[in-house]
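Undergrad: Using the hints provided, position chain B relative to the given structure of chain A.
Here's the letter readout for the chains.
Protein chains: 2
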Amino acid sequence: MMKEIKIFSPATVANVSCGFDVLGFCLDGIGDEIIVRKVDKKGIYISKIEGYDLPFEADKNVAGVSALALLKEANPDCGFEIEIYKHIKPGSGIGSSSASASGSVFAINELLGKPFNKTQLTYFAMQGEKLASQSEHADNVAPGIFGGFTLVKSLQPLEILEIPTPNDLYATIIHPQIEIKTSESRAMLPKEIPMQDAIKQWANVGSLIHALHTSNYELISRSLQDVIVEPYRSKLIPFYNEVKNQSINSGALGCGISGSGPSVFALSKGIETAKKVASAMINVYSETNIGFETYVSKINVEGIRILNR
Amino acid sequence: MMKEIKIFSPATVANVSCGFDVLGFCLDGIGDEIIVRKVDKKGIYISKIEGYDLPFEADKNVAGVSALALLKEANPDCGFEIEIYKHIKPGSGIGSSSASASGSVFAINELLGKPFNKTQLTYFAMQGEKLASQSEHADNVAPGIFGGFTLVKSLQPLEILEIPTPNDLYATIIHPQIEIKTSESRAMLPKEIPMQDAIKQWANVGSLIHALHTSNYELISRSLQDVIVEPYRSKLIPFYNEVKNQSINSGALGCGISGSGPSVFALSKGIETAKKVASAMINVYSETNIGFETYVSKINVEGIRILNR
Numbered sequence: 001m002m003k004e005i006k007i008f009s010p011a012t013v014a015n016v017s018c019g020f021d022v023l024g025f026c027l028d029g030i031g032d033e034i035i036v037r038k039v040d041k042k043g044i045y046i047s048k049i050e051g052y053d054l055p056f057e058a059d060k061n062v063a064g065v066s067a068l069a070l071l072k073e074a075n076p077d078c079g080f081e082i083e084i085y086k087h088i089k090p091g092s093g094i095g096s097s098s099a100s101a102s103g104s105v106f107a108i109n110e111l112l113g114k115p116f117n118k119t120q121l122t123y124f125a126m127q128g129e130k131l132a133s134q135s136e137h138a139d140n141v142a143p144g145i146f147g148g149f150t151l152v153k154s155l156q157p158l159e160i161l162e163i164p165t166p167n168d169l170y171a172t173i174i175h176p177q178i179e180i181k182t183s184e185s186r187a188m189l190p191k192e193i194p195m196q197d198a199i200k201q202w203a204n205v206g207s208l209i210h211a212l213h214t215s216n217y218e219l220i221s222r223s224l225q226d227v228i229v230e231p232y233r234s235k236l237i238p239f240y241n242e243v244k245n246q247s248i249n250s251g252a253l254g255c256g257i258s259g260s261g262p263s264v265f266a267l268s269k270g271i272e273t274a275k276k277v278a279s280a281m282i283n284v285y286s287e288t289n290i291g292f293e294t295y296v297s298k299i300n301v302e303g304i305r306i307l308n309r
Numbered sequence: 001m002m003k004e005i006k007i008f009s010p011a012t013v014a015n016v017s018c019g020f021d022v023l024g025f026c027l028d029g030i031g032d033e034i035i036v037r038k039v040d041k042k043g044i045y046i047s048k049i050e051g052y053d054l055p056f057e058a059d060k061n062v063a064g065v066s067a068l069a070l071l072k073e074a075n076p077d078c079g080f081e082i083e084i085y086k087h088i089k090p091g092s093g094i095g096s097s098s099a100s101a102s103g104s105v106f107a108i109n110e111l112l113g114k115p116f117n118k119t120q121l122t123y124f125a126m127q128g129e130k131l132a133s134q135s136e137h138a139d140n141v142a143p144g145i146f147g148g149f150t151l152v153k154s155l156q157p158l159e160i161l162e163i164p165t166p167n168d169l170y171a172t173i174i175h176p177q178i179e180i181k182t183s184e185s186r187a188m189l190p191k192e193i194p195m196q197d198a199i200k201q202w203a204n205v206g207s208l209i210h211a212l213h214t215s216n217y218e219l220i221s222r223s224l225q226d227v228i229v230e231p232y233r234s235k236l237i238p239f240y241n242e243v244k245n246q247s248i249n250s251g252a253l254g255c256g257i258s259g260s261g262p263s264v265f266a267l268s269k270g271i272e273t274a275k276k277v278a279s280a281m282i283n284v285y286s287e288t289n290i291g292f293e294t295y296v297s298k299i300n301v302e303g304i305r306i307l308n309r
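So the sequences go chain by chain: A and B. All residue numbers for the first sequence refer to our numbering, where the first residue is 1 and numbers rise by one. All residue numbers for the second sequence refer to our numbering, where the first residue is 1 and numbers rise by one.
Isolated chain A (complex conformation) (with noise of 0.2 Å):
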């Protein structure tokens, strides 16, 4: 039996301008690192945090409470100690929390022989994305555990959908070193949206997932819009509209806000237009005095991976 596994948990980018809410896809080359091992004594035990400064009690940390959920669930006779190295940001937009919570459940399954699928690791990973955002999402979690882009079609019962992801597809994301909460950045939404507003939002919804399943890029690109929530939280970010317009003229195909904020993505075909991209961003924010950090990921079709075990 399989004592230990070290896994790469990758950072996700929910919403993806229409599809707010739903929709997600999947980054690589950033991400947490996690371990896991068995142990004797029931229970979860973190033993060890690099990165961040995040609490070790299992029911206060979004990886442990998962994997109780999990455990719950699974009532296996031994525990699990855990070691969490901390790539993702918390607060960044790019589903920090999320990875750390996906990451501990997907190690605990491939240890425990793979009692569940990926639906019910989802589940188990979004009561560790509660207690981080005070609101059951699956929009990060969904693309980091299946990979590539996926739709939440509903939270109860818990369906997702795995939508295919055109081969040349990159995302850039540039994270501009500011705070914005979760929490506060719902509480600015609306609670009622104009229905003209709507029918325009899926409308591209449908087209954008019409768009993945056809490789059209063109029709990516006409479908990332957003004309319900970028109004409200683009006034959270510091220089988005810049970021946005100079994005576009290098060369993506959309640009959004990634989750709540602060980040901001961009998808474009092809690796060399994604770093004229990046450059561009960085072009942007290197004219103030905010920090930020980029990333040029192919979008990540494989989700959370084994690193060895």
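Hints in this document: simulated from the structure, not taken from any laboratory. Here the structure is a predicted model, which means the values were calculated and not measured. Possibly wrong hints are sitting among the right ones.
Said to hold, decoys possible - Facing chain A, from chain B, some residues (calculated, C-beta under 10 Å):
{"no.": "1", "residue": "Leu158"}
{"no.": "2", "residue": "Ile163"}
{"no.": "3", "residue": "Met195"}
{"no.": "4", "residue": "Ala211"}
{"no.": "5", "residue": "Glu242"}
{"no.": "6", "residue": "Ile290"}
Glycine is no exception: its CB is placed at the ideal position from the N, C-alpha and C atoms.
TA: Positioned in the frame of chain A, the structure of chain B alone reads:
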């Protein structure tokens, strides 16, 4: 040069539960027949209307208005005489005005040697539709002209997406003989809708597009939900809930209001189920004093077709 053409312009179902104002599909077996003949004198001349009492003046008839919109653009050195054999009852909710508006421009385009593409024909037909519904819509026009399932991605610029149709998909329609005016039916809808409902709706739109691409009938079924419009408009259709429940109980994948009603549509896998659904619908209205007509139809992937030339 071809002088005369006879075409069949099918009925269509708009909205398709979750896709209010953007989705539609094309029926077979029920539709208008239109004969168009080249004449020397410039202009549009409606020489015959059979079936229903509709205006002969070209600028007051939907087929005439759409034809005039085409002529304005094409400016040919001739005119056209139109005979309309109307089989779709006006106000039935299965695209009666749309079928006539689309049919005339499709036929004239053939006689002119196809100078216009399907999107351009949709635009002309929309001008006729506007006369009937007082607002610009393509959700009935597009499936008639393109066939199969269509998504109206945007009106300005006009962009129509052709969504794949699973091979074994059948529609059942019941048209209760009551009158609902499209304009009234639109006026009763709220101008603002809850964000949470809108999110459910666009998850279902995305999910339905994915399901059509993957011929996943069960997912089609789970996606055919309308949390926005049905709660309002279903009140205008007597026995709507009974028809819907009996359709689902008889095996329909889903059931909803066709366009703005009063027709109700159901989708089923296989013609046998579609026929059972028709029987179930008939049972409901047979016990009332409301007259009705029913149709069972394969999804028509061809759209408008030429009967002879």
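Undergrad: Which numbered hints does this structure break?
TA: As far as the earlier hints go, 1, 5 and 6 are violated by this structure, in ascending order.
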